[in-house]
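Asker: So the protein lines, in turn, are chains A and B. For what it's worth, my numbering labels the leading residue of the first sequence as 460, then goes sequentially. For what it's worth, my numbering labels the leading residue of the second sequence as 738, then goes sequentially.
Just so you know, the hints here were simulated from the structure itself, not pulled from any lab data. Predicted model, so just to flag it, every value in this text is computed and none were measured. Where is the CB? At the ideal position from N, CA and C, for every residue including glycine. There could be a bad hint or two in this list.
[What the hints assert, rightly or not] List of simulated lysine to aspartate or glutamate pairs, EDC-like, C-alpha gap at most 20 Å:
id: 1; chain 1: A; residue 1: 468; chain 2: B; residue 2: 957
id: 2; chain 1: B; residue 1: 967; chain 2: A; residue 2: 538
id: 3; chain 1: A; residue 1: 503; chain 2: B; residue 2: 918
id: 4; chain 1: A; residue 1: 477; chain 2: B; residue 2: 962
[As the list claims (entries may be wrong)] Below, a sample of chain B positions facing chain A; criterion: calculated Cβ distance under 10 Å:
id: 5; residue: 775
id: 6; residue: 778
id: 7; residue: 863
id: 8; residue: 867
id: 9; residue: 910
id: 10; residue: 926
id: 11; residue: 957
id: 12; residue: 967
id: 13; residue: 968
id: 14; residue: 978
[Unchecked claim] Far from chain B, by Cβ distances over 12 Å, these chain A residues were calculated:
id: 15; residue: 461
id: 16; residue: 483
id: 17; residue: 484
id: 18; residue: 485
id: 19; residue: 492
id: 20; residue: 497
id: 21; residue: 533
id: 22; residue: 535
id: 23; residue: 536
id: 24; residue: 538
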Amino acid sequence: MAIQITLHKTHRQYTGGKESVEVEGKTVGECLKDLIRQYPPLGKEVFGKNGKLSGIVEVYLNGATAYPDELAKPVKDGDKIQLVYFLAGG
Amino acid sequence: MLTADEWQRYDRQILIKEIGEEGQEKLKRAKVLVAGAGGLGSPICLYLAAAGIGMIRIVDHDTIDLSNLNRQILHGTADIGLPKVDSAKDKLALLNAAVKIEAISVAITEDNINRLIKGCDLMVDALDNLPTRYILNKAAIEKGLPFFHGAVRGLEGRAMTIIPGQTPCLRCMYHGDAPKEKFPVIGVTPAVIGSIQATEVIKYLVGMGDLLTGRLLIYDGMSMEFREFKVSKNPQCEHCGEKGKRS
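Assemble the whole structure, with the sequences as input and the hints as a guide.
Answerer: Pasting the structure below:
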């Protein structure tokens, strides 16, 4: 059983409309890298130029915030990672 | 003490046992700052005024444009070119003249925020950008004022309530800035989120129910779903964490 990443609808254009993708990894960061290995155009959406998590993407692990150091957070089979796009309008 | 007119006007909400006469008097005594008189600010101000909040201070530096009118329901075609706060004050006076409206047409900055919130019991986020939200969030933490967050884009929106000293704050979660864009939105989205924010304000002031604290509520109008994420305090938060306390 792998780890499931659920994508925000803004990002689904890069996965052919798929809402969730199965990935492998021991940390949130490794899982995101596996996601990008499968769908390379997502790289610029998820990570900034400095290789850190983009400031306009939020990562939740099993329905909860995963900070600080989200990318280093360990994961296990069956965990669910949610990528959420930032909103700022009013 | 409620007047005879107030008993009649607020009769249906006084019937809510958690509100009652005592809750209505709390609403009457309340002083609320609404930052923004646009898409979110419109339903927030309308429902707070209708509920009988004593004073609403509305802050917005913008004027009304035709392209605002699909969502900013405090304003109409005849108001184009007017300051949003002036139009808001006129409309709210028609709805409930007993509510004191303070209309302040300035941009919120780090320099004026303390003056703007002076005398208010809480702040409501009806802004359209993150940097100004950060200014409000920081002031909320420093002054110990509850802060009611909301944001929208397209058919999606979110809301969270922040009680300084007790709950995670906006800066715990948000770090960057959103890309500069003419963000897509339809009026029903800020109507949903602004109504949730106004509900939270009323609950807080009356002291009833469970607040949306430590929980980010996300609304997706496209799939018509509400989801919740559990939000924790970030020990590295620049505003409410150890890092914030040192600065």
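Asker: For which of the previously enumerated hints does the structure constitute a violation, in increasing order of number?
Answerer: No hint contradicted; all consistent.
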